[in-house]
Amino acid sequence: AVCNSNPTPCKDPPDKLFTVHGLWPSNKNGPDPEKCKNIKMNSQKIGNMTAQLEIIWPNVLNRTDHVGFWEREWLKHGTCGYPTIKDDMHYLKTVIRMYITQKQNVSAILSRATIQPNGQNRSLVDIENAIRSGTNNMK
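Residue numbering for the sequence shown follows the UniProt record's numbering, beginning at 1 and increasing consecutively.
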């Protein structure tokens with residue numbers, strides 16, 4: 001979806017799994033908060049999370065700059081998650097935990113509902129229903 005909606009198309013073929021689009025706090029009323037604090041990510045600490053993050057949360061627009069992408073996401077969205085999100089590494093670990101441990105793996109959820117990333121158009125309602133069912137109606 002990101003590749004199709006971006007003015008500069010992706011150079012790589014689309015992944016054969018659904019990946020994380022982002023993790024950001026939301027407000028029940030009003031726009032989602034952005035750029036709450038100017039706290040840079042300590043990318044030196046990412047270490048052994050890199051391999052997992054490159055698979056589940058890749059920079060699909062520039063596959064040579066995953067870390068820069070995660071740094072921008074942290075500054076724009078992650079810094080607004082305090083106190084639930086304690087710091088930059090907790091932000092990245094939360095993405096991994098939600099995708100793997102908590103089974104909020106959208107690729108697997110949609111696959112169980114026979115929705116595959118194969119170029120076939122699906123209705124928004126079908127996708128929403130599959131995700132709601134696969135996450136026990138969590139939001």
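Heads up, a few of these hints could be off.
Taking lysine to aspartate or glutamate pairs in the EDC-like style, the calculated list, with each CA pair at most 20 Å apart, reads [unchecked claim]: (1) Lys76 to Glu34; (2) Lys45 to Asp32; (3) Lys40 to Asp65; (4) Lys35 to Glu71; (5) Lys76 to Asp87; (6) Lys76 to Asp32; (7) Lys40 to Asp126; (8) Lys86 to Glu128; (9) Lys45 to Glu71; (10) Lys37 to Glu54; (11) Lys93 to Asp65; (12) Lys37 to Asp87; (13) Lys86 to Asp126; (14) Lys16 to Glu54; (15) Lys93 to Glu71; (16) Lys86 to Asp65; (17) Lys40 to Glu71; (18) Lys93 to Glu128; (19) Lys93 to Asp126; (20) Lys40 to Asp87; (21) Lys35 to Asp87.
Please keep in mind that the hints were generated in silico from the structure rather than gathered at the bench.
Query raised in the report: Can you name, in rising order, the numbers of the hints this structure does not satisfy?
Result: Hints 2, 7, 8, 10, 13, 16, 18 and 19 contradicted; others consistent.
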